[in-house]
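Peer 1: The listed protein sequences correspond, in order, to chains P and V.
Numbering that gives the first Met the number 0 numbers the first residue of the first sequence as 0 and each following residue consecutively.
Numbering that gives the first Met the number 0 numbers the first residue of the second sequence as 0 and each following residue consecutively.
Don't read these hints as lab results, they were simulated from the structure.
Any given hint could be a false lead.
[Claimed, not checked] Quick look at which bits of chain P chain V covers, simulated, 3 or more residues with Cβ under 8 Å:
| id | segment |
| --- | --- |
| 1 | 62–76 |
| 2 | 122–129 |
| 3 | 134–146 |
[To be verified] DSS-like mimics (lysine-lysine), calculated; alpha carbons at most 30 Å apart, straight line:
| id | chain 1 | residue 1 | chain 2 | residue 2 |
| --- | --- | --- | --- | --- |
| 4 | V | 165 | P | 147 |
| 5 | V | 218 | P | 142 |
| 6 | V | 2 | V | 13 |
Glycine included, C-beta positions come from ideal geometry on N, C-alpha and C.
Below are the chains, spelled out letter by letter.
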Amino acid sequence: MPLELRILSSKTMSGMAGDFATVDGEIANRGDVAINNVTTYISLVNAETKTPVDLEDWSAEKGLFIGTIDANQTLPLTWKVHFVQSGNYTLSIVANIDGSNIPIISELTYFTVSPKQNLNPGHVLPVALGEPILLILVFLMVKYFRDKTAFNPMSR
Amino acid sequence: MLKMIKHIWLKDIKAEIYTWKSLVWLLVTSIIFSITSYLLLTNKELSLLDQTEMLWLFAKIIIGTILLIIIIDASALISNEFENETMENLFLTPLTTADFVLGKLLTSITIWGISYLISIPYMIVTSSGSGLTYAFMGYVAFFGTLAVLGFTMLIFALSFPYKSMKNTLTTSFVVLLALTIPALFSTTLKNNALAKIFGQINPIDNIFSSLDNVLVDYKTSIGQNLTYIIPVLVFCILMLFALLVSVRIFSRRGILKD
Numbered sequence: 000m001p002l003e004l005r006i007l008s009s010k011t012m013s014g015m016a017g018d019f020a021t022v023d024g025e026i027a028n029r030g031d032v033a034i035n036n037v038t039t040y041i042s043l044v045n046a047e048t049k050t051p052v053d054l055e056d057w058s059a060e061k062g063l064f065i066g067t068i069d070a071n072q073t074l075p076l077t078w079k080v081h082f083v084q085s086g087n088y089t090l091s092i093v094a095n096i097d098g099s100n101i102p103i104i105s106e107l108t109y110f111t112v113s114p115k116q117n118l119n120p121g122h123v124l125p126v127a128l129g130e131p132i133l134l135i136l137v138f139l140m141v142k143y144f145r146d147k148t149a150f151n152p153m154s155r
Numbered sequence: 000m001l002k003m004i005k006h007i008w009l010k011d012i013k014a015e016i017y018t019w020k021s022l023v024w025l026l027v028t029s030i031i032f033s034i035t036s037y038l039l040l041t042n043k044e045l046s047l048l049d050q051t052e053m054l055w056l057f058a059k060i061i062i063g064t065i066l067l068i069i070i071i072d073a074s075a076l077i078s079n080e081f082e083n084e085t086m087e088n089l090f091l092t093p094l095t096t097a098d099f100v101l102g103k104l105l106t107s108i109t110i111w112g113i114s115y116l117i118s119i120p121y122m123i124v125t126s127s128g129s130g131l132t133y134a135f136m137g138y139v140a141f142f143g144t145l146a147v148l149g150f151t152m153l154i155f156a157l158s159f160p161y162k163s164m165k166n167t168l169t170t171s172f173v174v175l176l177a178l179t180i181p182a183l184f185s186t187t188l189k190n191n192a193l194a195k196i197f198g199q200i201n202p203i204d205n206i207f208s209s210l211d212n213v214l215v216d217y218k219t220s221i222g223q224n225l226t227y228i229i230p231v232l233v234f235c236i237l238m239l240f241a242l243l244v245s246v247r248i249f250s251r252r253g254i255l256k257d
């Protein structure tokens, strides 16, 4: 098959959980005839557990339907990948062509996602302790004013 | 009409505050949010979660907790009038059933509003630095209001025929569990056709999925969440219809029928 897939962005990427990365690639038809019904996907594998990763939260656009690639045509491919979980991963672009039972695959891109420690980003302790205490004070004030008005009919 | 609605609303709000019923619930809500936010942000294991995942979890906890409290509270709002035999006295005044129901509905919405205000500092502190604070607060407010409206109308629709808090509360809990448990299933368990159809019409499932869409996938516009918003709106319309039918039957039969 004269179809060629390449990843143009860096072969190694790194980031923190929550970050976004852009994977750029291209698909080229090196042959002399057009190829129809081409679909490209990204495939993500956890390099530590050697298992494929469910892309549900990683990328909103999992597959890109290319349709027809004319002879000697090159088309750009772009995926926005959201680093969801820490770990080491390999990513590749796969192309399926209707009528062909052999997929075309690009080289691998390796990326490392480091964990994001959410340790107290907005100083939670004052709110976690302060708000219940504040509410108790408000309730005691409500009780005080209620009792005050209840025992003093002249105030009405 | 507005005067009567205000009268019912004030009567119930005063009852909530002066009997400490709601105040204790509000304090419990605040303590639940304090413990959850503190654990999510400081526990070593939990803090490894991506912040957006954590926000999604916290959004579900906020809506779930407040919805539970509203269901318990709303189950008593109309049923107690029957159980305490105060319904007849109320309808001896120039009060229509519509004024009565709208006043009660406004009470539930007010309790939701106050509970939401309590959750705001927690939402701000947990979403700090994520750039999602406004989306987080906005979508929790939007879906929380719709969920509270839908469930309160269902509870009121049940309260008229049941006339008992115990039965209303039990049925409401069964409905809430029936809608919430499938919404908490993993993606794998939702893969069969029946689960998919149920997931598409289940309001709780749609609320959780939309929050996932907003907070995890950064799809924050209304247009990107319309497929989730529509089923929740349909649920509210259906519950409004159920309430109208229930009120109509009640108005025809009268208070003393049973």
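Peer 1: Please go over all the hints and tell whether each is borne out by the structure.
Peer 2: Cross-check of the supplied hints:
1. Only residues whose C-beta sits within less than 8 Å of a C-beta in chain V count toward coverage, and the segment 62–76 of chain P has 0 of them, not enough to reach three; the restraint is violated.
2. Here's how the segment 122–129 of chain P fares: 6 of its residues keep a CB closer than 8 Å to some CB of chain V, so the rule of at least three is met and the hint holds.
3. As drawn, the segment 134–146 of chain P meets chain V at 5 residues by the rule of a beta-carbon pair under 8 Å; at three or more, the given contact holds.
4. Straight-line distance between C-alpha atoms of residue 165 of chain V and residue 147 of chain P comes to about 35 Å, which puts the hinted pair past the 30 Å bound.
5. Among the hinted pairs, residue 218 of chain V with residue 142 of chain P is inconsistent with the structure: their alpha-carbon atoms are about 45 Å apart, more than 30 Å.
6. Proposed proximity of residue 2 of chain V and residue 13 of chain V is supported: the alpha carbons are some 16 Å apart, at most 30 Å.
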